[in-house]
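*Asks:* Sequence:
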Amino acid sequence: MAEAREKEAVIKLRGLVTGFGSKILHDHIDLDVYRGEVLGVVGGSGSGKSVLMRAIISLIQPKEGTIEVLGQAVSEAEAPRMRALEMRWGVLFQEGALFSSQTVAENIQVPLREYTGMSQQLMDEIAAMKLTMVGLPPDTAEKYPSELSGGMKKRAGLARALALDPELLFLDEPTAGLDPISANQFDELIRRLQKALGLTVFLVTHDLDTLRAVTDRIAVLVNKKLVVGTIAELRKNPDPWIQDYFSGVRGRAALAGMETD
Numbered sequence: 001m002a003e004a005r006e007k008e009a010v011i012k013l014r015g016l017v018t019g020f021g022s023k024i025l026h027d028h029i030d031l032d033v034y035r036g037e038v039l040g041v042v043g044g045s046g047s048g049k050s051v052l053m054r055a056i057i058s059l060i061q062p063k064e065g066t067i068e069v070l071g072q073a074v075s076e077a078e079a080p081r082m083r084a085l086e087m088r089w090g091v092l093f094q095e096g097a098l099f100s101s102q103t104v105a106e107n108i109q110v111p112l113r114e115y116t117g118m119s120q121q122l123m124d125e126i127a128a129m130k131l132t133m134v135g136l137p138p139d140t141a142e143k144y145p146s147e148l149s150g151g152m153k154k155r156a157g158l159a160r161a162l163a164l165d166p167e168l169l170f171l172d173e174p175t176a177g178l179d180p181i182s183a184n185q186f187d188e189l190i191r192r193l194q195k196a197l198g199l200t201v202f203l204v205t206h207d208l209d210t211l212r213a214v215t216d217r218i219a220v221l222v223n224k225k226l227v228v229g230t231i232a233e234l235r236k237n238p239d240p241w242i243q244d245y246f247s248g249v250r251g252r253a254a255l256a257g258m259e260t261d
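If you're matching positions, the sequence shown starts at 1 in my numbering and goes up one per residue.
The hints are simulated quantities; they were obtained by calculation from the structure and are not laboratory data.
The beta carbon of each residue, even a glycine, is placed where N, CA and C say it ideally should be.
Possibly wrong hints are sitting among the right ones.
What the hints assert, rightly or not - Using 27 Å as the maximum straight-line C-alpha spacing, the simulated DSSO-like pairs for lysine-lysine come out as follows:
(1) 225 <-> 12
(2) 63 <-> 195
(3) 12 <-> 224
(4) 63 <-> 224
(5) 12 <-> 143
(6) 236 <-> 12
(7) 143 <-> 7
(8) 23 <-> 225
(9) 12 <-> 63
(10) 236 <-> 7
(11) 63 <-> 23
(12) 236 <-> 224
(13) 195 <-> 7
(14) 7 <-> 224
(15) 12 <-> 23
(16) 225 <-> 236
(17) 195 <-> 23
Claimed, not checked - Estimated spans, in silico, between C-beta atoms of each pair:
(18) 184 <-> 94: 12 to 20 Å
(19) 23 <-> 139: 18 to 26 Å
(20) 122 <-> 102: 14 to 22 Å
(21) 15 <-> 236: 22 to 30 Å
Hey, can you work out the whole structure from these sequences and the hints?
*Replies:* Structure representation (structure tokens):
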């Protein structure tokens, strides 16, 4: 029974084609993301990592293929069902994507206002709770994004992504722009929250340290296709880009000691 749950695909891509105009980014790719796992997504510049994430959450329409999330075909979902589906996922965009004219608390409350009819008092309590969850002090609630460090902005954005207690969490380059210590702390936070909340995480990144620390499997975008596996499996893949990424100088340094972990 437990094994069946572990292998339950909560995101299914079949024959997916995306692109802009005549440029194709993803050429008939298939992918299953299993409940409770952290899937990392990597690829070279322009390979369409963020585009893939945006297609899954219906911000970009694919040219062909199907996307199913939590049993619902996204392209076929009518407005009420799509709205219900959106309440079951949270998204952290690059740089946090906070509204500069709103306080941190107001930013966290955006999805609560959009999808629920709860009172202001309850929203304030939820915002305070989410700040605690992501390791920010209570007085952060009344600050504006311009008053936060880069790491604090990421945590505030994560708090907003978690506002509706989602099942799925989409993270787009969550450690980009952070110093090594802040990036490591954010990696630990993601893994801790994922375990505590039972989240399924779709993580777009280029950071090898994050991949090692957080992910269960990795999907590599190369030559408009997907190659999926663990780090150990991917290091054996003969594709030149994959070899260079995981077994080049930086890859060897970041993944040093994995064989004895």
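*Asks:* If a hint holds in the structure, say so; if it does not, say that too.
*Replies:* Evaluated hints:
1. Restraint check for residue 225 and residue 12: satisfied, since their Cα atoms lie roughly 15 Å apart, inside the 27 Å limit.
2. Distance restraint check for residue 63 and residue 195: the Cα-Cα separation of roughly 35 Å exceeds the 27 Å cut-off, and the hinted pair is therefore not satisfied.
3. Distance hint between residue 12 and residue 224 is fulfilled; the C-alpha atoms sit about 18 Å from each other, no more than 27 Å.
4. Between the alpha carbons of residue 63 and residue 224 the distance comes to roughly 14 Å, so the proposed pair stays at or under 27 Å and holds.
5. The hinted pair formed by residue 12 and residue 143 fails the criterion: a straight-line CA distance of about 39 Å is larger than 27 Å.
6. With a C-alpha separation of about 26 Å, the suggested pairing of residue 236 with residue 12 holds against the 27 Å cut-off.
7. Only pairs whose Cα atoms come within 27 Å are accepted, and residue 143 paired with residue 7 is rejected, the gap being roughly 42 Å.
8. Between residue 23 and residue 225 the CA atoms are separated by roughly 14 Å; this keeps the pair inside 27 Å, and the hint holds.
9. For the proposed pair residue 12 and residue 63, the alpha carbon gap of about 16 Å is at most 27 Å, so the pair holds.
10. For the hint linking residue 236 to residue 7, the alpha-carbon distance of about 24 Å falls within 27 Å, and the restraint holds.
11. Distance check on the hinted pair: residue 63 and residue 23 sit about 11 Å apart at the alpha-carbon level, within 27 Å; holds.
12. Pair hint residue 236 plus residue 224 holds up; C-alpha atoms about 20 Å apart against a cutoff of 27 Å.
13. For a cut-off of 27 Å, the pair hint linking residue 195 to residue 7 stands: about 17 Å separates their Cα positions.
14. A C-alpha spacing of about 26 Å is found between residue 7 and residue 224, which places the hinted pair at or below 27 Å, so the restraint holds.
15. Distance restraint check for residue 12 and residue 23: the Cα-Cα separation of roughly 23 Å lies within the 27 Å cut-off, and the hinted pair is therefore satisfied.
16. Only pairs whose Cα atoms come within 27 Å are accepted, and residue 225 paired with residue 236 is accepted, the gap being roughly 17 Å.
17. Between residue 195 and residue 23, the direct Cα distance comes to roughly 39 Å. Violation of the 27 Å bound is thereby established for this hinted pair.
18. At about 19 Å, the beta-carbon gap between residue 184 and residue 94 stays in the expected band of 12 to 20 Å.
19. Range check, residue 23 to residue 139: Cβ separation about 47 Å, and the 18 to 26 Å hint is violated.
20. Checking the proposed 14 to 22 Å range against residue 122 and residue 102 shows it holds: the Cβ atoms sit about 18 Å from each other.
21. A beta carbon spacing of about 27 Å between residue 15 and residue 236 agrees with the range 22 to 30 Å that was offered as a hint.
Figure legend: structure checked against the earlier numbered hints; hints not met, in rising order: 2, 5, 7, 17, 19.
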